[in-house]
Each structure stands twice: as structure tokens, then as C-alpha cells.
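Chemist: Line order of the protein sequences matches chains A and B. Terminal number for the first sequence in the numbering used here: 186, no gaps in between. Terminal number for the second sequence in the numbering used here: 487, no gaps in between.
One should not assume that every hint holds.
Which chain A residues face chain B? A few, computed with CB under 8 angstroms, are given here [claimed, not checked]: (1) Ile103; (2) Thr158; (3) Ile161; (4) Ser170; (5) Tyr181.
Just so you know, the hints here were simulated from the structure itself, not pulled from any lab data. C-beta: ideal position from N, C-alpha, C; glycine also.
The primary structure of each chain is shown beneath.
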Amino acid sequence: MLRGNRELWLALLAMILITGLYGLVVFLTRMIPPASELFGHSIGIIGFIFMLTTETLYSLRKRSRSVRWGRMSTWLQLHIFTGLVGPYMVLLHTSWKFNGIAGATTLLTVIIVVSGFIGRYIFTRIPRTMDGLEIEDTLSQETIKQARRLMALWHTIHIPIGMALFISAFVHIGAALYYATFLK
Amino acid sequence: MQSNRLGCLTGTGIIAVLITTFVIAGYAYASGGLMFNPGPLSAKSGEILGGVTSHSEIGRDCKACHSALWDSEKMADRCAVCHTVIASEMQSVASMHGKLTHDNPNLSCRHCHPEHRGADAQLTVMEDALFPHEAVGYSLNGHQRTAANKSFTCDDCHHGDISTFAPDSCQACHSEMDLSFTQAHLLAFGADCRACHDGVDRYGDDFNHNRFAFQLMGKHINVICTQCHLDARTIIDLQSAPQDCLACHRADEPHEGRFGSDCAACHTTDGWKPARFDHNLSIFKLEGKHREVACESCHQNGGYKGTPLDCYSCHQKDDDHSGQYGTDCSACHEPTDWDKVTFDHNKSNFPLNGAHVSLACERCHSTGQFIGLSTACASCHGDPAYHAGLFGFDCAQCHTTNNWSARFNGSHPGIADEGGSGVNHGGGTCRDCHTQTLHTATCVACHDSNNPNGEGGGEGGGGD
């Protein structure tokens with residue numbers, strides 16, 4: 003069940019740890035870690051991998067019928083955890099500059115996180131089994147129907163935003179590789 | 024919605040992909056790559072290079088600086104298109120850029136000159152260990168650690184702008200380190216530290232004046248710098264400080280130049296006194312008692328050069344001869360002792376010989392007169408009564424200085440030239456006949472008065 007807030011607390015803990023590490027780097031180098039240097043670059047890459055893989059893995063698990071590996075609720079918890087920590091790392095990667103495509107990507111990241119939060123609270127209104135299957139429970143059918151409609155609507159928004167984010171992020175990564183990483 | 028497709032590949036998802044791609048492509052086309060700009064380019068204006076005065080003017084043209092992955096050209100080659108002077112400088116190891124790239128072959132322009140950091144951002148950022156700071160005329164040898172034992176940062180000296188250095192940048196730190204010294208040093212040598220300090224040499228505590236031609240010894244060690252290096256403002260000024268003694272010591276010079284300008288010939292840096300003047304190098308060597316005499320005895324009124332060399336200038340008062348022997352005392356006297364006289368009487372017009380040699384001076388020079396004393400015998404010797412005034416005063420006619428024994432070579436009138444006696448009748452002496460005086464004579468001393476032909480009663484009178 004996804005009634006508790008364990009993944010949120012874990013995400014908060016991870017973010018505090020990352021913030022501490024970030025603060026240490028700021029203290030040692032006496033500057034905001036630039037996106038292009040070791041720390042700033044690393045958190046960007048790791049953050050994006052978090053965002054990318056959890057999305058794809060969660061989707062795969064969700065759509066998979068043959069392999070029921072792990073509970074859906076756990077996967078969702080992981081998705082929420084990485085969906086918070088990943089964007090947070092990406093946010094730190096920006097070095098607080100929001101130019102061009104990179105800035106747009108950051109904006110989309112913020113939007114997708116907000117959207118995810120909203121979705122999480124819609125989602126939890128629908129009673130489910132531990133495997134994420136919906137349960138016809140004590141709630142009135144009307145309430146559940148309403149929640150399902152809302153969930154479907156949310157999906158049609160959350161997923162396009164995510165897709166736009168990934169396209170934008172890929173372009174940003176491609177441009178970064180072209181203009182910086184492989185700069186001769 | 025239950026399908027095997029990836030969750031993201033929904034209808035709206037695919038539409039979103041297409042729209043996003045279209046928007047990005049469209050914007051990229053319209054903005055000329057601005058969307059990939061990680062930050063504004065420098066707007067700092069400089070000289071006109073490549074038709075622009077700042078990078079920001081070509082901010083929309085990524086290709087102006089960024090070569091494509093598949094191009095053979097590197098980004099640095101794009102820099103060189105406009106920055107031709109720097110590009111040619113990089114060919115020479117003697118130059119800062121040349122040395123930097125020679126020592127670090129993998130270094131590219133952008134490693135020190137990062138861009139896209141804002142319109143006002145610093146265009147030069149260097150790791151200090153990498154940068155050959157001495158190539159810009161100032162070594163960081165002496166600036167490895169701050170007074171607080173921390174590593175130096177560029178900003179410690181280049182406040183804000185690494186490409187400039189304010190001449191007074193040194194003052195703040197060095198005043199903190201030693202306020203009184205720094206202030207005194209600034210007053211003495213001015214505020215342009217780099218006019219003298221190049222960072223290679225270690226001045227300060229490690230400064231060793233003795234590495235230079237003018238070594239500091241004796242009392243020079245504690246002299247403050249400005250006493251010699253007056254108004255020095257550059258290293259050239261310092262190095263051209265005069266090294267001759269008089270340049271600084273003219274005011275201390277009591278000899279009025281009579282000894283020339285090389286004080287060190289007599290004095291050492293340990294002090295003006297004692298001076299180690301070697302008088303014997305002068306034309307007046309000090310010997311005997313002259314060695315013990317105070318300088319002032321001869322060099323009166325502080326005069327040294329031109330001091331008269333003749334004895335009389337000093338010793339006139341000592342002259343017991345009342346000037347009779349002239350002024351050259353050394354003709355007779357030695358500097359060791361007045362009494363040690365080496366007068367050679369034979370060089371006078373009255374050479375001493377015979378019995379005169381052993382006489383005490385006073386026998387002749389009884390009145391203390393030496394010069395002009397008569398050389399006539401009679402001035403000392405009287406004519407004896409025995410001569411009866413017959414021979415005048417030229418004693419030497421008959422006598423020598425060896426003894427008074429005389430030989431009269433004149434004729435003896437009235438005396439028969441008998442027996443070959445001639446003047447020396449009978450071979451005797453004058454007194455044999457002239458027993459009383461020379462104008463009286465007697466025969467009977469030899470001859471018997473009763474027998475004129477016989478021998479006298481004396482030794483000659485054997486015929487009696």
C-alpha cells in the first residue's frame with residue numbers, strides 16, 4: 003500500500019545528504035559548482051540517469067504482464083524517490099543558471115515533479131492491493147470513478163510533459179557533448 | 024490503456040515528442056544556437072579583432088568559435104583567426120603564451136580563458152601552478168604561501184581583474200605583516216614595488232647585500248639603506264648607487280682632498296679610527312724616532328699633503344749648531360738619535376789626518392763654532408818660542424800632522440858643509456845643535472871646545 007510517506011522521507015534524507023555534499027563542495031572550492039566541472043557534471047548525469055531509468059523501469063514493470071518482479075507499490079515508491087532525488091540533483095547541476103534549452107529543461111523538470119506530486123495524491127485516493135491492483139472497497143463507486151477519471155486526465159498531462167522533458171534533456175545533452183565534452 | 028507499450032509512448036506522449044522536437048528545432052533555427060548558450064559571452068570591449076571589440080558581438084554565431092566534431096580545426100584555431108598577435112606569440116617559448124603552451128601541450132586557449140560566464144565575467148582564469156607567472160615579469164617564488172600560511176589565490180594580488188595589477192596591491196598585505204617597515208620602505212623607495220622587486224630575488228629577511236659588488240661590512244652593515252640609496256625608485260636607481268667612498272663621505276672628509284678619494288687606502292669600514300695609513304708609502308718614510316712622533320707634530324693645522332720634507336722645517340728649534348751646518352740635519356744625524364752623528368770631517372775643507380784624527384772636536388771647535396772656523400794652523404797652534412819667530416805660521420812647511428818632528432830643507436848659512444852633513448849636519452836633529460832656540464846654535468854639544476875637530480863629549484865625541 004502506498005499510504006505511508008516512507009519514500010518521501012527517504013527522498014528528503016537523500017536530498018539532505020546531497021545538499022550537505024553540495025555545501026561541502028561550495029565550502030571547499032568557494033564557488034557554486036559549475037555544471038561543467040566534476041561535481042556539477044556528475045550530479046547532472048546521475049540525476050538524469052535517475053530520472054530516465056526510473057521512468058522507463060517503472061513503465062516497463064507497470065506494463066509487463068509476464069514478469070511480475072517486485073511489487074508495483076515498491077516500484078512506485080522507487081519512482082517517487084528517484085523522481086524527487088534525480089530532479090533535485092539536476093537542479094543543483096544547473097549552478098543556478100537557466101539559459102536556453104538547459105533552462106527550459108530545468109523548468110520542465112520542476113513541472114514534472116510538481117505534476118508527479120499531484121498525481122501521487124490522486125493515485126492514493128484509489129484503493130489498491132499491494133500489487134497495485136484496484137480494489138472495489140468501501141468507498142462509494144462514484145468517488146472511485148471520479149478518482150479514476152482524474153487519474154486518466156493526469157496521465158495525459160504528466161506523460162507528455164515527461165516526454166517533452168526528455169526530448170529537451172536529450173537535446174541539452176547532445177549540445178553539451180557537441181559544444182563542451184567533445185570540444186577540441 | 025493496458026498494453027505492452029512503454030508507458031510513455033501514449034498518443035499524447037508521442038504528440039508531445041513531436042511538438043517538443045518541432046519547437047526546439049524551430050527555435051534553434053530562429054535563434055542561431057542561442058538556446059545552447061550556457062551563459063552570456065563577455066561584453067568587455069577591447070581592441071578591434073575580427074571586426075568586433077567583444078565576444079558578445081558574435082554571441083549568436085556559435086561556429087565563429089566552436090568547430091564541429093568532424094572538423095580538423097580545433098577551437099584554438101578559431102581563436103587564432105582573430106587573435107593573430109597571440110597566435111604568433113605562442114610560437115615563441117620566450118613569451119608567456121608560448122611558454123605556457125610549450126610546457127603544457129594539451130593546453131588550449133579556453134582552459135585559461137573560459138567563456139559564457141557572463142558579460143562582465145573575468146576572461147582569464149588560471150590555475151596558479153600552471154601559469155608561468157615569471158613570464159609576465161614577476162615570479163611567484165616569494166609568494167608561495169601567504170603570511171597566514173595559506174596558498175595564494177590570484178585574487179590576493181589581482182583584486183578582481185587578473186589581467187591588471189595595481190602597483191599598490193602589495194601594500195595591504197605587507198602593511199599587515201610589518202606596518203612600520205612597510206611604511207618606512209614605501210617612504211624610502213616609493214610605492215611601485217615592481218620597479219625593484221621581480222619576485223625572483225628574495226629581498227626581505229633573506230636579502231643579502233653581500234651578493235652584490237658593494238659588500239656591506241663593518242659600520243656599513245647598520246647603515247639605513249637610504250643613506251646610500253637616496254631617492255632610489257627603481258632597481259636601476261638602486262644598482263647605480265655610487266660606490267666610491269667620497270660620494271657618501273664627502274662631509275666626513277677632514278683631509279680636504281689632500282689624500283685623494285680612496286678612503287679605503289687608510290680607513291676600514293670598522294671606523295674612521297684607527298686609520299692604517301702607511302707613511303712609508305709616502306716620500307717621507309718614518310724611521311727611528313719619527314715613528315713615535317704624533318702626526319700633529321709634523322702635520323700641523325690638519326695639513327698632510329705638501330708638508331715640508333726638510334729637517335729644518337721641524338727641527339730648527341733643535342739645532343744646537345745655530346744654523347752653522349745648514350738645514351740638512353740628516354747630513355750628520357740619524358733619525359734614531361741626535362747624538363748618533365755620522366759627520367765625516369774629511370768631506371769638509373779640513374780633512375782630519377794624523378794626530379788631528381784622534382782629537383776631541385772641542386779641541387778645535389772650542390767656542391762651539393763649526394762652520395767658518397779657520398783652517399790655518401796658527402788658529403790652534405802658536406808659534407813656539409823655540410822658533411824665535413824665524414819660520415812664520417805655515418807649520419806645514421816643516422811639520423806634518425803625524426808629529427811635530429820637522430825637516431828643515433833650507434840652507435844653513437855659515438855652517439861648513441862638512442862631513443856631508445849639509446843641513447842635517449852630522450845627521451842629528453835640529454835640537455842637537457839648536458839646544459835653546461833655533462836662532463842660536465852650539466857646537467860644543469857635540470864637539471869638544473878644545474878640540475874643534477874632535478868629537479864632542481857626547482855620543483858623537485868619540486874622537487876625544
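Chemist: Taking the hints in turn, state whether each one holds.
Modeler: For each hint, the structure was consulted:
Interface restraint check for A:Ile103: the shortest CB-CB distance to chain B comes to about 4 angstroms, inside 8 angstroms, so the restraint holds. For A:Thr158, the interface hint holds, since its Cβ comes within 8 angstroms of a Cβ in chain B; the closest pair sits about 5 angstroms apart. Among the interface hints, the one on A:Ile161 holds; its C-beta lies about 5 angstroms from the nearest C-beta in chain B, closer than the 8 angstroms criterion. For A:Ser170, the interface hint holds, since its Cβ comes within 8 angstroms of a Cβ in chain B; the closest pair sits about 6 angstroms apart.
Given hint, A:Tyr181 at the interface with chain B, holds; its Cβ is 6 angstroms from that chain's nearest Cβ, closer than 8 angstroms.
Hint compliance for this structure: every hint is met.
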